[in-house]
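There are 2 protein chains.
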Amino acid sequence: MPMRGAVIHRAGDVRVEEREDPAILEASDAIVRTVATCVCGSDLWRYRGLAPVPEPVPIGHEYVGVVTEAGAAVRSVQVGDFVIGGFLHSDGTCVLCRKGAQANCLHGGGYDGCQAEAIRIPNADGTLVSTPGEPDAVLIPSLLTLSDVMCTGWHAAVSAGVGPGMSVAVVGDGAVGLCAVLAAAQMGAEQVIAMSRRAARQRLATAFGATAIVAERDDAGAARVRDLTSGVGADAVLECVGTESARLQAVASVRAGGQIGVVGLPHGEMPTAELFWRNIALRGGPAPVRAYLDQLLDLVWTGQIEPGAVFDLELPLVDVAEAYRAMDERRAIKALLWA
Amino acid sequence: MPMRGAVIHRAGDVRVEEREDPAILEASDAIVRTVATCVCGSDLWRYRGLAPVPEPVPIGHEYVGVVTEAGAAVRSVQVGDFVIGGFLHSDGTCVLCRKGAQANCLHGGGYDGCQAEAIRIPNADGTLVSTPGEPDAVLIPSLLTLSDVMCTGWHAAVSAGVGPGMSVAVVGDGAVGLCAVLAAAQMGAEQVIAMSRRAARQRLATAFGATAIVAERDDAGAARVRDLTSGVGADAVLECVGTESARLQAVASVRAGGQIGVVGLPHGEMPTAELFWRNIALRGGPAPVRAYLDQLLDLVWTGQIEPGAVFDLELPLVDVAEAYRAMDERRAIKALLWA
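Top line first, the protein sequences correspond to chains A and B. Under our numbering, residues 17 to 355 are what the first sequence spells out, in order. Under our numbering, residues 17 to 355 are what the second sequence spells out, in order.
Okay, chain A solo, but in the shape it has when bound (with noise of 0.2 angstroms):
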């Protein structure tokens, strides 16, 4: 039976299609039903012709729903849960992931794409996890944040070590930077300065607990950083956006001894001379979604945190090329897609 899904055939080009409907393969995955997904600023690199796309395939990597069917190993959902799951699937069980790294499981991957109305879950007890009832459709979006950008800036605030009585500056004011203000704010951060040129952006920065907001760049940027930190800096610096600029933005705004959570796509080396020479941290890399779920989800569900208010743009998943420009021409923060 077929279902509808978005396929990217070359940078700029994004439909919906009809797709065969996803099955059950491996005795451990389950069938969700998408109830919304978004489009990613990490999708952008492909649409905007920054990263090759040899040939049409399924795209997307975030979504919540409901489990349809599952195979017979799974055991920690069953058929009619809400789900929310990572945008890359584990196994929960090899030894990496029993170590915190579920990102980098060994049994891990991608999806056959999640902007469709169903997706096949490898490793759904490893990956997948129930809300604790079905969720007041006001919950959703936040929800569906929990699937990459919150865990996302989640992790750069884990991975640089935010913790209380911190000063940090957050790179980048897409939905992964704006995420990342929250991170440190929860995580009692006292200074949390938000690089920001757009006042839309500012103004959700504001609200998710930013202390202080830079509107410039560069070496501008990193001189209002340090003004505002005694002079040197700030103790960890959240890198979002995985340019050559805004790595080197980070390492300017970043003091001596302090640390960079980065989760930026990189493109473009760091100055790791000068990281040891000043002896920086650089940490980060591809969120363990798994890691932070429950507790997230907890946040989220007790109405803690309200991270779906990275969402400026709904639209109906047929609509997805309408989400990609709007996100590429910077008219939306981020695009939820109501499948």
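I should point out that these hints are in silico values taken from the structure, not numbers from a laboratory. Don't take each hint at face value.
Here are the simulated SDA-like pairs of lysine to any residue, each with C-alpha atoms no more than 25 angstroms apart in a straight line [what the hints assert, rightly or not]:
no.: 1; chain 1: B; residue 1: Lys115; chain 2: B; residue 2: Ala89
no.: 2; chain 1: B; residue 1: Lys115; chain 2: B; residue 2: Asp314
no.: 3; chain 1: A; residue 1: Lys115; chain 2: B; residue 2: Leu313
no.: 4; chain 1: A; residue 1: Lys115; chain 2: B; residue 2: Arg240
no.: 5; chain 1: B; residue 1: Lys115; chain 2: B; residue 2: Leu313
no.: 6; chain 1: A; residue 1: Lys115; chain 2: B; residue 2: Ala289
no.: 7; chain 1: A; residue 1: Lys115; chain 2: B; residue 2: Leu244
no.: 8; chain 1: B; residue 1: Lys115; chain 2: B; residue 2: Leu281
no.: 9; chain 1: A; residue 1: Lys115; chain 2: B; residue 2: Gly181
no.: 10; chain 1: A; residue 1: Lys115; chain 2: B; residue 2: Leu281
no.: 11; chain 1: B; residue 1: Lys115; chain 2: A; residue 2: Lys115
no.: 12; chain 1: A; residue 1: Lys115; chain 2: B; residue 2: Ala89
In this text, all values refer to a predicted model and were calculated from it rather than measured experimentally.
Could you slot chain B onto chain A? The hints should help.
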């Protein structure tokens, strides 16, 4: 009045010469009559022609000795005290010192050659620590290691987040690498894998707490480390050399989600994109000796650790040239010079 001190003239040419006796220049200075000093692996970069020597300069940055004169502002040490100081001086009061980044003190720096009979110590209050009393001669080598190598090995382990139960691999079997083995064992690592091909160093590593020795290098060495660590690599790798091959060895030997502590002076880049995709932390730099000195002095003074075992050659200061030759030719792990 003249004193004797080592001067490097060019690669391969270190001589003891008569130099002017140091004098108090600032009220925060102290003068230390050197009891013992030593040659550092990092001194060999210049000795081997791998770092430039534009003109003859005094050399050496490790010392223990007795305070012979203290500036008017010095409060924490007194004339007659036996003292240890780190290889960089630091004021102890700037914002970076207060955050534990004393190696990056805003008002700190190096010395005018510590392989000498006497040394001017700027920032004496923030730099020098007095021993609880006059040390037994047998303790002096271990106390001397606190000026650099033992604290540097400790910094590698701290930077890599070593803690109880972890698997740790140490790249480099020089004095710093051996001290890093000792540090990891002290911190409760369950596995401490020393990478070394030389029997004498293997024995010392074992005495310092290594649980396994890997003699292989490069890919074969990393494969052996993985064999010893559930197939995935060590939780933490301590990189104590600095060459590109040692740095790549560290990356190849660490598990995804693990941490690399770097203390070898960096020569060559790091594959930062691989660090990202594998979620590997990179942290380290010049050791903030003062941050560790109280704790490590206590461990040495009470006989809990004996890092002075790294000195396998002791010479009078006048034989400094032989000390460099012996280390350059790897006849000695580390040479102590009695002043």
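Self-check item: Pairwise hint evaluation, Leu313 of chain B against Lys115 of chain A, where the allowed Cα distance is 25 angstroms at most
Solution: Violated. Lys115 of chain A to Leu313 of chain B sits at ~34 angstroms, over the 25 angstroms cutoff.
Quiz prompt | Straight-line alpha-carbon gap Lys115 of chain B to Leu313 of chain B, limit 25 angstroms | solution = holds (21 angstroms)
Quiz item: Is Lys115 of chain A within 25 angstroms of Leu281 of chain B, Cα to Cα?
Solution: Cα-Cα ~30 angstroms, so violated.
Quiz item: Holds or violated: Lys115 of chain B with Asp314 of chain B, Cα cutoff 25 angstroms?
Solution: holds (22 angstroms)
Quiz item: Is the hinted pair Lys115 of chain A and Leu244 of chain B satisfied, with a Cα-Cα distance of at most 25 angstroms?
Solution: Holds, because 16 angstroms separates the two Cα atoms, which is no more than 25 angstroms.
Practice problem: Below or equal to 25 angstroms on CA atoms is what counts here, so check Lys115 of chain A against Arg240 of chain B. | Solution: At roughly 21 angstroms apart (the allowed maximum being 25 angstroms), Arg240 of chain B and Lys115 of chain A satisfy the hint.
Self-check item: Satisfaction of hint between Lys115 of chain A and Lys115 of chain B, Cα-Cα up to 25 angstroms
Solution: Status violated; Cα separation ~29 angstroms.
Quiz item: If you draw a straight line from the CA of Lys115 of chain A to the CA of Ala289 of chain B, is it 25 angstroms or shorter?
Solution: Holds: Lys115 of chain A and Ala289 of chain B sit about 22 angstroms apart, inside 25 angstroms.
Practice problem: With a cut-off of 25 angstroms on the C-alpha distance, tell me whether Lys115 of chain B and Ala89 of chain B pass. | Solution: holds (23 angstroms)
Exercise. Take the C-alpha atoms of Lys115 of chain A and Gly181 of chain B, compute the straight-line distance between them, and say whether it is at most 25 angstroms.
Key: holds (12 angstroms)
Quiz prompt | Given hint Leu281 of chain B paired with Lys115 of chain B - CA-CA distance at most 25 angstroms | solution = Holds, at about 23 angstroms.
Quiz item: Given the hint that Lys115 of chain A pairs with Ala89 of chain B, does the C-alpha gap stay at or below 25 angstroms?
Solution: violated (51 angstroms)
Hints 3, 10, 11, 12 from the earlier list are contradicted by this structure; the remaining hints agree with it.
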